[in-house]
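Novice: Read off the chains here:
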Amino acid sequence: MQSTVLFVLDGQLVRLGFSPGGYPHVTTTLLQYLRSLPGHRGVKEGCAEGDCGACTVVLAEPDGDGGLRYRAVDSCLFFLPMIHGKQVITVENLRDPSGNLHGVQQAMVDEFGSQCGFCTPGVVMSLFALHKTLSAPKREQVVDAIAGNLCRCTGYRSIIDAGLGAVGSGAGDQFHADAGRIHDLLLSIPRDGLMIETGGRRYSRPSTIEEALDARRREPDAVVLCGATDTALRVTKNHEEIPSIIDLSGIAALRAQRRTDAAFFFGAAVTIQEVMDTAEKGIPSLAGMLAVFGSRQIRNIATIGGNVGTASPIGDTLPVLVALGAEIELTGSHGVRRLPVEEMLTGYRRTACRSDELITGVSIPRIPSDITVRAYKVSRRADLDISTVSAAFRVRVDGDGTVDGAILAFGGMAEKVRRARSTEEFLQGRPWTRETVDKAMAGLSDEFRPLCDVRGSASFRAAVARNLLLKFWAETAGANGQRAVASAEGVHG
Amino acid sequence: MVDHTPHDSAWAHVTGEAVYVDDIAVAGVPLVGYVFSSPHAHARIRSFDVRDARSIPGVYAVLGSQDIPGENQLGPVVKDEVCLASGEVECVGQAIFLIAAETEDLCREAAKRIIIDFEPLPAVVDLPAAMAGGMLLGAPRKIERGNAAAELLRAPHTLQGELHTGAQEHWYLETQVALSVPGEGEELLVYSSTQHPSETQALVADVLGIHRNDVVVEVRRLGGGFGGKETQANHPACWSALLARATRRPVKIRLFRDDDMSMTGKRHPYLIRYEAGFDAEGRLLAVTLELHADGGMATDLSFAILERAMLHVDNAYFIPDISVVGCVWKTHLPSNTAFRGFGGPQGMAVMETIIDRVARALRLDAAEVRRRNFYASPDRVTTHYGQVVEGDRLQTMFARLVASSGYGERRSAVREFNTTQEFRRRGLALTPVKFGISFTTTFLNQAGALVLIYADGTVLVNHGGVEMGQGLHTKIRSIAAAELGLPLARVRVNATNTSKIPNTSATAASSGADLNGMAVKRAIDTLKERIGPAMAQLFNERYEGELTRAEDLRWVRGAIIDSEHPERMMPFVQAMQAMHLRQIPLSAAGFFSTPGIGWDKVSGKGRPFLYYAFGMAVTEVEVDLLTGGHTILRTDILHDVGDSLHEGIDRGQIEGGFIQGAGWCTTEEILRDENGRLLTHAPDTYKIPTAGDIPPDFRVTFLDGVPNPLAVRNSKAVGEPPFMLALSVWLAIKDAICADAGGEPHFPIPATREVILNAIEELRQLTAEHARA
Ligand SMILES: Cc1cc2nc3c(=O)[nH]c(=O)nc-3n(C[C@H](O)[C@H](O)[C@H](O)COP(=O)(O)OP(=O)(O)OC[C@H]3O[C@@H](n4cnc5c(N)ncnc54)[C@H](O)[C@@H]3O)c2cc1C
Ligand code: FES
Ligand code: FES
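Going down the list, the sequences are from chains G and C.
Take 1 as the starting number for the first sequence in the numbering used here and just add one per residue.
Take 1 as the starting number for the second sequence in the numbering used here and just add one per residue.
Hints in this document: simulated from the structure, not taken from any laboratory.
Just so you know, not all the hints are guaranteed correct.
[Unchecked claim] Rough simulated footprint, nothing fancy, chain C against chain G, three-plus residues with beta-carbon under 8 Å:
{"hint": "1", "segment": "49 to 57"}
{"hint": "2", "segment": "333 to 343"}
{"hint": "3", "segment": "357 to 371"}
{"hint": "4", "segment": "427 to 439"}
{"hint": "5", "segment": "461 to 473"}
Glycine residues also receive a C-beta, built at the ideal position from the N, C-alpha and C atoms.
Input sequences plus hints: build the corresponding full structure.
Specialist: Spelled out as structure tokens, the structure:
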């Protein structure tokens, strides 16, 4: 265990020590830290909650193949120790040594992509990350890359054009030239655990599951986090002091993915973006849902284990995991157990994970081709918004057109993600027709007492829940080409 | 002159070098300023005790109203808004105490230790309650022409209704921020993110009880303003000034996003009652309107905003008999304030609703009904307040836009789509904008500039306008460069500074380039008048023959040339060195005030505007009838910017304004609880548009060949008008859901998913009733 955080900034290795009463603290965010340095004031705070992207920076890490992978993240949600072993790139780093603008910067200038300029450093970094990954992104990819960057001035058209115009700018830049050196520098950083204690606050970042379980046993009250996109808000928004943190993001074993003929397995620390990339090649319902999960910056750090761990009634993976029959893997000192997702979710933000256990993975069975699964998310705004109502439906229709097995899972309709069991039973054995669906919709209303909040009234939620069932039916069984229309719109209801 | 050069700060923006107030480095680490604000919408402060808070080491000051050395007052027009509450609080978020400490954590700790005893009082937290309680903020206003009430009785068709338009949060990316740095004696330098440096300066002086010549306010740039920093930036500036004065140290106040959203005012919500009479062709004959604005707890700019709303209820239409009454009501909410469009959006929204309803009632195409009602030569050209509108501009634009957008064919395609789909509908709407340019408070239409030429041939331009992203400095720079015949690289625009230009107006009302551009031009004219004769003399000393006359000198291509004897030419740099040696003053002030405008607020008649800016949009949307979701498929905009000063910047204003308007019309909803607490106080619940919300097919065209002789270099103001083009989004959604239904749904602004889904349900029931009947 060591107590110094090591990372690369401005191309150099930085050793960051923490001392009691000193600055920074373990819950100082990367944003706050960068802004406290003289040379990195380009990074801006617009919200301190991951919703505006003004604080976007890019992290580079070894990709396991001798190269680096670049990810845009919201630095306002990043506790400092989490940058251990990574390169931090800010807008100030983009110009080449002779001072020329990077291709994405030049494109932003040429297209009038900035007006007041306050969002611009974040936008530039999102576009930079995009162009380090794709040489000629399509419009949807540019929009996806900047959906987490709010701009109140431009109306985005110019920014999108800048993203499209910067073709090839990531390939031959100075980062490319320096990648080998940075790669080796990052690999030289020890991967063993971190343990930082400052003035009564403790931050441990174990490197193995065993160390993590040990830490958990020693401190059952410590807050466990992985991507911290949920937990960081307690500090950045509620100004809480968290006395002790166990950060799972340094455990390589939790980042594993496996694929067998029967199932997909994701380690708990696999990011939502990584899950989405895999799901695009085999779990379309999940991929569709994740496409409207937060923003690129959020998906790059939020984890699937964390989403299960929140047990939020509006956690977006949860209805889909329920419909897919996924199992959660829990590891404790006594061993490993597996629970169906539904059993995992015990109440409002409560799970069956015991204080001596950790979520270590999610296993999603492959779905036979005669079963249809679709997921829907209804939110006020299409991108970067929390669900008002979400749903995932699964149905198998027999050769004679009757339903044999239906799962209707809803988010935002109760204190936790829940199935509409009576309606499922009602559907069983009935013909999968509009008439059946109409009757099922009427019944659905009796199954839930949805909440009423700023995202929607109870009656609105109830109406949407009913209509989503109809939408599902229309898209999967309805007549005259509904199917094509639906897939064009994607998952977002 | 069409300028294609980048935004003058683009390079600084994309490299992160652009300095905002929070980035300014001053000698000595500034203290953190913090505001302790009211948790109650309305309460009496029985007693308080700040001793414990003051005793924390690292806390340098805790100030209340009793510690204000000058006047406890921030009201910009009417003196009804205190700087710090004393005795009574009138909204949640109203400032009561100010704290300065070494860190933000210490400020929070001090805030926790302030003891305060409130006696809650009855609070009025929405417009209907204020109206029921008779809580007028001032005398109602009226503008009339003809006898609308009588004509309504005679009209062959009538309709009536009520329209609610919602509040809107500015959501500038940079929250309110100010840094005050004390100097010698009473001197104070305030770096503020304000749209109105002179007013900020005046209020800081008043609150501190010092003079304006003691206070300098400097503004390099704003991270967005949109009206939200026209008066509301005064507060943090005055607060930081009070703390800096008390501690004798630099103090910075930067509002946390949630605090900014909770404490500052929004676009005024309006409740508008209307009645309209029309003929069988859809021509409006008479309209009566009652506009009710939620002013919040103080007057602020509410009446100027109401006036503009009342002056824009006609939008682009001639209405023979019309009566408009306007009231501002007091609520126990943060005082609502300026926001792009300044009442225009609310006024236009009701008229567009009326026209939309007329069209549906008569089963006519709404665009055609609009055309029939446009101002038109020769006898339908006068507004209800008596100003004449260019007769045929609207007709011209309509013809062009209908053709370029393929409105007719697309209308058929939409109809076709709607007959083949069960759960989706498309809708199409064309809406115009006619927006009056000038401050309606006439004296505000003035600006100053100070242009300095250095002996190395470079130029520094000072003017009173503020750069908030709208590209004002870029335009000013190109105006100055063009007037002096210099390349842009030789001209720089300085940070706005009250010690350079005094007594300026806010950068608002879309007037920044018009007014300041003219002032800069005047300053340059003065310089040319001084330099001209001296240069003529210089040439005459050097060249034999016919004399050079000052009026023949041309300032072009970086040189001064005698147009009659082109060989008599001197590069600008040498010329300025020569002028310096000849003791010609190379700096000049310029001043401009808009001529020929003025109106009588009491009679509601006159010429409030120098000219009108016009625009027109066609938007097509698709609505999901099952979820209430909508997608904008395509928007075509035709806009009249006169001779564009800068196409890239003008296009940016049009697109950005339109998308901001689309947010107001759809996803941006301000919600409060029954105690007046803002529920949507962060971007997780308050949703402005993202990149995915814009029309994937977005076509913006300038109306060409229409120079505007009334403004600088034949241009037109462009900041606000495009905002209101977004009414086309709102009405396209309505068009979609009403496509095959007989009836008028409840359809307020914003039309959120929930509103849309409710409207669909309402229409379904109306249609069912129809079928039964
Ligand atoms: C701007 C923004 C947008 C968002 N958008 C969405 C959205 O669209 N949809 C959505 O569903 N969510 C959204 N979220 C919420 C959040 O990002 C997700 O829930 C995310 O999956 C949490 O993962 P994490 O690793 O970041 O969580 P953390 O903050 O690290 O953890 C979340 C919770 O899970 C527990 N936990 C984490 N890992 C483990 C583990 N291995 N074992 C036991 N317990 C564990 C933690 O103790 C904590 O209680 C958003 C959040 C933000 C800030
Ligand atoms: S500051 Fe808004 S996302 Fe980080
Ligand atoms: S340029 Fe102002 S917010 Fe994007």
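Novice: Output the numbers, in ascending order, of every earlier hint that fails for this structure.
Specialist: 2, 3, 4
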